[in-house]
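Sequences listed follow chains C and D, in order. Under my numbering, the first residue of the first sequence is numbered 1, with each subsequent residue one higher. Under my numbering, the first residue of the second sequence is numbered 1, with each subsequent residue one higher.
Calculated directly from the structure, the hints in this document are not laboratory data. Note that the coordinates shown come from a computational prediction; the quantities given were computed from them, not determined experimentally. There could be a bad hint or two in this list.
[Stated by the list, open to error] Listed below are several chain D residues computed to face chain C (Cβ distance under 7 Å; list not exhaustive):
{"#": "1", "residue": "S93"}
{"#": "2", "residue": "I115"}
{"#": "3", "residue": "F119"}
Think of the CB as a built atom: it goes at the ideal place given N, C-alpha and C, for glycine as much as any other residue.
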Amino acid sequence: MSGLSAAIYSGTAGILSIIDPFCGPAGIFRWFASGTLLACGDSGWGDEIAYGFLVTASLAIATLPLGLAIGFFIALAKQSSERSLRLSANIYTTIFRGLPELLTLFIVYYGLQILVQQFLATLGYEEPIEINAFVAGMIALGVVFSAYCSEVLLSAFKAIPQGQYEAGDALGFHRGKTMRLIILPQLIRIALPGLGNLWMALLKDTALVSVVGLPDILRQTGIAARMTKQAFQFFGVACVLFLVLAMISSVVFSALERSTKRAEMRR
Amino acid sequence: MSIAETMIPPQAPPPAPPKPYTLARFFGSVALGVWLAFAVGIFLTIVNGWDPEKFSRYGPSFLSGLGVTLILVISSIPMGAVLSFPVVLGRMSKNRFWSWIAYIYVYFFRGTPLIAQLFLVYYGLGSFRPQLESIGLWWFFRDAWNCALFTFTLNTAAYQAEILRGAIESVPRGQHEGAAALGLPERIAFFKVILPQAMIVALRPYGNEIILMIRARLSSRSLPSST
Numbered sequence: 001m002s003g004l005s006a007a008i009y010s011g012t013a014g015i016l017s018i019i020d021p022f023c024g025p026a027g028i029f030r031w032f033a034s035g036t037l038l039a040c041g042d043s044g045w046g047d048e049i050a051y052g053f054l055v056t057a058s059l060a061i062a063t064l065p066l067g068l069a070i071g072f073f074i075a076l077a078k079q080s081s082e083r084s085l086r087l088s089a090n091i092y093t094t095i096f097r098g099l100p101e102l103l104t105l106f107i108v109y110y111g112l113q114i115l116v117q118q119f120l121a122t123l124g125y126e127e128p129i130e131i132n133a134f135v136a137g138m139i140a141l142g143v144v145f146s147a148y149c150s151e152v153l154l155s156a157f158k159a160i161p162q163g164q165y166e167a168g169d170a171l172g173f174h175r176g177k178t179m180r181l182i183i184l185p186q187l188i189r190i191a192l193p194g195l196g197n198l199w200m201a202l203l204k205d206t207a208l209v210s211v212v213g214l215p216d217i218l219r220q221t222g223i224a225a226r227m228t229k230q231a232f233q234f235f236g237v238a239c240v241l242f243l244v245l246a247m248i249s250s251v252v253f254s255a256l257e258r259s260t261k262r263a264e265m266r267r
Numbered sequence: 001m002s003i004a005e006t007m008i009p010p011q012a013p014p015p016a017p018p019k020p021y022t023l024a025r026f027f028g029s030v031a032l033g034v035w036l037a038f039a040v041g042i043f044l045t046i047v048n049g050w051d052p053e054k055f056s057r058y059g060p061s062f063l064s065g066l067g068v069t070l071i072l073v074i075s076s077i078p079m080g081a082v083l084s085f086p087v088v089l090g091r092m093s094k095n096r097f098w099s100w101i102a103y104i105y106v107y108f109f110r111g112t113p114l115i116a117q118l119f120l121v122y123y124g125l126g127s128f129r130p131q132l133e134s135i136g137l138w139w140f141f142r143d144a145w146n147c148a149l150f151t152f153t154l155n156t157a158a159y160q161a162e163i164l165r166g167a168i169e170s171v172p173r174g175q176h177e178g179a180a181a182l183g184l185p186e187r188i189a190f191f192k193v194i195l196p197q198a199m200i201v202a203l204r205p206y207g208n209e210i211i212l213m214i215r216a217r218l219s220s221r222s223l224p225s226s227t
C-alpha cells in the first residue's frame, strides 16, 4: 500500500513539475526571473513561492467539497419539519458566522488537539499528538464556508416553487430522485452567484492558515521577505498571486454560469 | 322500525396518532444534545478556571485590546466612507482612464486578503525607508497603529465603493428622467433624488461591512503592538 501511495505521490509530483506555471519548463519565474530573487532552485525563492501557491490552491479546492456537503445538509436541516433539527442547524450557522475565521481556526487547531489528546489519554495512550495544519485549516475553513453556504442554499431552496416537488411526486419519483433530477439542477443555477462570492471569500481566508504554520503563499513570501529584507517585492508578489487566483476563479465561474444558463438562453 | 329518542352524546375526538419517531427527529435530538453538551462544557470550564489573579493580570490587556479594536473600527469606517466617494465617481465616470484606475483599485483591495495588504504596507513600505524619509512620511508608516488604520481605511473604502455603486445603479432610470423633467440641475438631482434612495438600498450591506470589519480586525493581531 505504501508503495502504491509513494508511486501516486511521485507521479503527481512529476506531472506537477511539468505543468508548474512558475518553475516548470514553461514557468514564468524560470524564464523571466532567473538571476533575481525570484529565481527557481537554490539561488532564489521562486520554487518556495510556487510551493506556497500550490498549498493555497489545494487547500481552497479541498475545502470546497467539504463545505458544500456540510452546507447542503445544514440547509436541508433548516427547512425540516422537525423543530429540534431546525433549531440545532440555526445554532450552527449563528455560531460559525459569528466567530471570526481566525478564532475558529485556533479552536480547531489547538482545541481539537487537546480534545484528541485527552481522549487518547483516557484510553491509555500517552504521546503528544499533533494535528496536521492542512487538515485543521481544511476543517476550520470548511465549517465557516458551510455556515455561509447553508444560508445561500436555503434561499435558493425557497426560490424553487412547491410545484416542482409535486411534479416529482406526480411522476412517481421517490424523494431522493426528485432531489437529484429536478431540484438540484435548478438549485445550482440559482445558488451559483452566491456560491461564487463565497468561493472568493474562501480564497482570501486561506491566507489565515499561515498563522498555524502551513507553508502557504503568505508564509513562504513572509519567510523570503525576512531573509532577503525585500519585503515590498515579496508581499507584492503574494498579492499578485492572490489576484491571479481570483481572476482564474472569476473566469471559471462566469463559464459555469453560462453553462448552467444555456437552457434559458436558447429560448 | 325504531325511532331514536335521545341524541347521541357528543364524543371526544379520537386521540391524535402518536408522532412517528423519524430519522430527522433522531438526528435533531442528537445535534441538540451535542450543542447542550458544548454549552455545559464551556460553562464548567469557565467556572472551574475562575481565578481572580488571572483576571487581574490579563483583564486590563483584554480591555485595552477591545479599546484598540473599537477605535480602529470607529475611525476607519467613516474615513473609508469619505474615501469611497471619489472612487465611486471614478468608477462611474465616462472617462476611460479614471474608471480604469478606480476599477484596478477596487479589484486589488477586494481580490487580495486583508492580512497580505497589511504586511505589504507595514513590512513592505519599510524597505522604502530612505525615500519615505526624504518626503517626510516615515514617521507615519513607522508605527504599526498608523499602518493598520491606513490599510483598513483603504480596504473598507474599496468595499464601500462597490456597495455605493451597486446602490446608485439600482435606482431606476425613471428617477433620473423625472428629476430632469422637473428641471433640476444634475448635481442637485444626484444629492436630493438619487443618493437618498440609494442610501436606503445601501444601508443593509453597510451594516454587513461594519460587522466584517470588526471581525477582520483580528488579523491586525499579527502586527506588533496593536490589538
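Structure-inconsistent hints, enumerated in ascending order:
Hint 1 contradicted; others consistent.
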